[in-house]
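Top to bottom, those sequences are chains A and F.
Oh and the first sequence: position 48 is 41 in this note's numbering, straight run, nothing missing.
Oh and the second sequence: position 136 is 129 in this note's numbering, straight run, nothing missing.
These are calculated hints, taken from the structure and not from any lab test.
Heads up, the beta-carbon is just placed ideally off N, CA and C, and yes, glycines get one too.
One thing to keep in mind: the hints can contain errors.
Claimed, not checked - Beta-carbon label-pair distances, calculated as ranges:
#1 E360(A) <-> R9(F): 27 to 35 Å
#2 A112(A) <-> T343(F): 49 to 57 Å
#3 R181(F) <-> P302(A): 48 to 56 Å
#4 G330(A) <-> T343(F): 50 to 58 Å
#5 R142(A) <-> G330(F): 38 to 46 Å
#6 R175(A) <-> T33(F): 20 to 28 Å
#7 R175(F) <-> A18(A): 44 to 52 Å
#8 R142(A) <-> G113(F): 49 to 57 Å
#9 A112(F) <-> R289(A): 51 to 59 Å
#10 K105(F) <-> S168(A): 45 to 53 Å
#11 G185(A) <-> D8(F): 36 to 44 Å
As the list claims (entries may be wrong) - Computed footprint of chain A on chain F, listed as stretches where at least three residues anywhere in the stretch have a Cβ under 8 Å from a Cβ of chain A:
#12 84 to 90
#13 152 to 161
#14 191 to 201
#15 239 to 247
#16 281 to 291
#17 325 to 334
Claimed, not checked - According to the in silico footprint, chain A covers these stretches of chain F (three or more CB under 8 Å from chain A):
#18 -3 to 8
#19 35 to 44
#20 250 to 256
2 protein chains.
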Amino acid sequence: MQKDSIVARYRVQVDRSDSVALARAMAVELTVEVPDALITRYPGIESDVVADVLDVVEVESGIHQVTLALAADLAGEDLNRLLNLLLGNCSMMPGVRLVDLHLPDQLLSRFKGPRHGIAGVRELTAIADRPLVATVLKPRGAPVQDLVRVCREFATAGGDLIKDDHNLIDDDLESFRDRVVRCAQAIRESQGDRHVIYLVNLIAPSQQLDARLEIALEAGADGALLAPWVIGLDRVRELTGRWPGVYLGHPSMSGVLTGGASSGIDAHIVHGTLARLAGLDGSVFVNSGGRFPVTRTEGRSIAAALRQPLANLKPAWAVPAGGMRPERLPEMIEDFGRDTMMLMGGALLTAKEGIEACTREIVQQLEERFETAREM
Amino acid sequence: MQKDSIVARYRVQVDRSDSVALARAMAVELTVEVPDALITRYPGIESDVVADVLDVVEVESGIHQVTLALAADLAGEDLNRLLNLLLGNCSMMPGVRLVDLHLPDQLLSRFKGPRHGIAGVRELTAIADRPLVATVLKPRGAPVQDLVRVCREFATAGGDLIKDDHNLIDDDLESFRDRVVRCAQAIRESQGDRHVIYLVNLIAPSQQLDARLEIALEAGADGALLAPWVIGLDRVRELTGRWPGVYLGHPSMSGVLTGGASSGIDAHIVHGTLARLAGLDGSVFVNSGGRFPVTRTEGRSIAAALRQPLANLKPAWAVPAGGMRPERLPEMIEDFGRDTMMLMGGALLTAKEGIEACTREIVQQLEERFETAREM
Chain A
-6 MQKDSIVARY RVQVDRSDSV ALARAMAVEL TVEVPDALIT RYPGIESDVV
44 ADVLDVVEVE SGIHQVTLAL AADLAGEDLN RLLNLLLGNC SMMPGVRLVD
94 LHLPDQLLSR FKGPRHGIAG VRELTAIADR PLVATVLKPR GAPVQDLVRV
144 CREFATAGGD LIKDDHNLID DDLESFRDRV VRCAQAIRES QGDRHVIYLV
194 NLIAPSQQLD ARLEIALEAG ADGALLAPWV IGLDRVRELT GRWPGVYLGH
244 PSMSGVLTGG ASSGIDAHIV HGTLARLAGL DGSVFVNSGG RFPVTRTEGR
294 SIAAALRQPL ANLKPAWAVP AGGMRPERLP EMIEDFGRDT MMLMGGALLT
344 AKEGIEACTR EIVQQLEERF ETAREM
Chain F
-6 MQKDSIVARY RVQVDRSDSV ALARAMAVEL TVEVPDALIT RYPGIESDVV
44 ADVLDVVEVE SGIHQVTLAL AADLAGEDLN RLLNLLLGNC SMMPGVRLVD
94 LHLPDQLLSR FKGPRHGIAG VRELTAIADR PLVATVLKPR GAPVQDLVRV
144 CREFATAGGD LIKDDHNLID DDLESFRDRV VRCAQAIRES QGDRHVIYLV
194 NLIAPSQQLD ARLEIALEAG ADGALLAPWV IGLDRVRELT GRWPGVYLGH
244 PSMSGVLTGG ASSGIDAHIV HGTLARLAGL DGSVFVNSGG RFPVTRTEGR
294 SIAAALRQPL ANLKPAWAVP AGGMRPERLP EMIEDFGRDT MMLMGGALLT
344 AKEGIEACTR EIVQQLEERF ETAREM
């Protein structure tokens, strides 16, 4: 094993008698994908390129934990190479799931990570000590004036961040510009002496992503919502590295990675580690108690991965979502704590008391809860 | 249901009593993702935006087939919007798998599809009537002179297409240029009066994809190997639309979609329909009888999707791979027929009789087999 290797741990469905052979097959498949006869033809390849099998441990009958050490240089300085190296062709081996990942500082130092992260977004919003309150512009098909009204009411009432829904997609650059200008203007006019963050949705044709982002930033938006598993994880890294702004990850399509226990990649890696490597300042993920059947444990593991030390990469915001309602705030606070964006979409937009009153109530609840905590 | 809708069929794990509600939840989640109260606020949204549930049929106990009609305009003219629309947030609903897809001509006409496809590549190679013989440059870590030697021997012996392995990744643009120039030159010097196709690997930093492709085309390569599920499916469409050349899809990471039966997307859609929409002239997929446990049925379904009529999109090459050996040719011919690239990597590179003799033998076998067929 080389110094400063990537250490990747996989949960593998395999019988004991085949487990060591499968671990070796994974080590070869991820790196050189050739028969042993070709590996031994070049002595440097086995030592420098092929992954080392560090460990094969039986977890339960038919389930093994395989730990590989992968040369960090193979991952280069981008997430295309890293993804290809970590799972690539092994995604087609049934029963292989990446469950834990240690990246050496040497590799991490090649990534910029979040530009703002938790502290930077707090500085932008001047909210130092409580979770942020966020909402969503939707549905697609609503007239722009109604989205503008949501912006006004939410910003007036003290909300902190507004993002386009990932399904709020304008047909072309002109309608995108028109809508974003109007939404941004409404927010700026209503925010008073605060700064309310506005993020546009960038699910759009690949060749328009930069153009849309430029339009949005010029229009007064603060950044964008980026869906790594739709537009490409490394495309997200490219965008966040190139443009100023605040960026949140959206989980569209990510369920093909995180769903199920026997393939793909664990959610804390997908929405935590990889999101930070892609330069996202926060990650939207579906939380328990909403429309999706996920566990509280999974959500907490994502939040931990967003915040844990990761070389020089800033910690990022947990954004639990997917049908959150104001009455779930206590549990969300318990699970995710202070550095959390409390994202309320449909529940806030349809609140009986109106968007403004509902937003005020949420902000007040959080202020009381976290001022109390501060006084203790 | 609007005329010219996308019709998407899902295999869903759900009890009979919940199946209709789940189908409706999917229809809402994929399009507007808001409570009914917001949908009914704007009458046009239910009719124009929210998907229609066409059908919910019990296939077996606990398994239903849900058919949705989705407005084609929501998919725009790109694959970011299409993916987000077809599976997006429903990827996070357990037990939902996209298994069949009908795209209306109105939508298909917005995509260029493969530039060359089956007929175009036949024209480039002047091989009219038999499968093509293809090989792979690998392993990473081998000296360039050895890759050059593979190029020479394979081209001299009558091979038709050489591609970089998806793990053959040069650290930077300079080493990429150096290697590609030398490989392309060796092929051109050895091909005689034929044209042997050379495709470079484009797993690289997102911001370098265009630059690497430009370098490769200038160096005399014919196009590239693109991994849609690493670099982004719509990024592939963008690249194939922007640059001339021949493009093959590589399945790295695609197993998170195709593996398992209860989530993701069926292989014939991933490697067939979506590949053609992305402008790929052919799709590499793991075939039965190699290193990956897939079925012959799956491979044949991919080949069918690559070739079936799809508005004006050209049919594309089936490229069964993943540990194919010369002795498997008869079965591969039986499964995939004439319009197939017979891709032999490790088996050819380590052939006892040498690359040249092995290549000649494969070419001869195919010529005999398909000349015989022609004479019948």
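Structure-based check of each hint:
1. Between E360(A) and R9(F) the Cβ separation comes to about 48 Å, which falls outside the hinted range of 27 to 35 Å.
2. Between A112(A) and T343(F) the beta carbon distance is about 54 Å. The supplied range of 49 to 57 Å therefore holds.
3. Taking the beta carbon of each, R181(F) and P302(A) are about 52 Å apart, inside 48 to 56 Å as hinted.
4. Evaluation of the 50 to 58 Å hint for G330(A) and T343(F) yields a pass: the beta carbon distance comes to about 56 Å.
5. Remark: the range hint 38 to 46 Å for R142(A) to G330(F) is contradicted by a beta-carbon distance near 60 Å.
6. Separated by about 25 Å at the C-beta atoms, R175(A) and T33(F) satisfy the suggested range of 20 to 28 Å.
7. For the pair R175(F) and A18(A), the beta carbons lie near 31 Å from each other, so the given range of 44 to 52 Å is not met.
8. The hinted window of 49 to 57 Å between R142(A) and G113(F) holds, with their beta carbons roughly 53 Å apart.
9. Between A112(F) and R289(A) the CB atoms are about 56 Å apart, so this pair conforms to the stated range of 51 to 59 Å.
10. About 24 Å separates the C-beta atoms of K105(F) and S168(A), a value inconsistent with the hinted range of 45 to 53 Å.
11. A hinted range of 36 to 44 Å is violated for the C-beta pair G185(A) and D8(F), which are about 51 Å apart.
12. Coverage of the region 84 to 90 of chain F by chain A holds. Counting CB-CB distances below 8 Å, 4 residues qualify, and the rule asks for three or more.
13. Coverage of a stretch by a chain is defined here by at least three residues with a beta carbon nearer than 8 Å to that chain's beta carbons; for the region 152 to 161 of chain F and chain A the count is 3, and the condition holds.
14. With 5 residues carrying a beta carbon less than 8 Å from a beta carbon of chain A, the region 191 to 201 of chain F meets the three-residue requirement, and the given coverage holds.
15. Check on the region 239 to 247 of chain F: 4 of its residues sit with their Cβ under 8 Å from a Cβ of chain A, so the three-residue criterion for coverage holds.
16. Only residues whose C-beta sits within less than 8 Å of a C-beta in chain A count toward coverage, and the region 281 to 291 of chain F has 4 of them, enough to reach three; the restraint holds.
17. Look at the region 325 to 334 of chain F against chain A: 0 of its residues bring a Cβ nearer than 8 Å to a Cβ of that chain, fewer than three, so the hint is violated.
18. For the region -3 to 8 of chain F, the stated coverage by chain A is violated: 0 residues have a C-beta nearer than 8 Å to a C-beta of that chain, whereas at least 3 were required.
19. Proximity of the region 35 to 44 of chain F to chain A, defined as three or more residues with a beta carbon under 8 Å from a beta carbon of that chain, is established by the 5 residues found.
20. Note: the region 250 to 256 of chain F has 6 residues with beta-carbon separation from chain A under 8 Å; the three-residue rule is met and the coverage holds.
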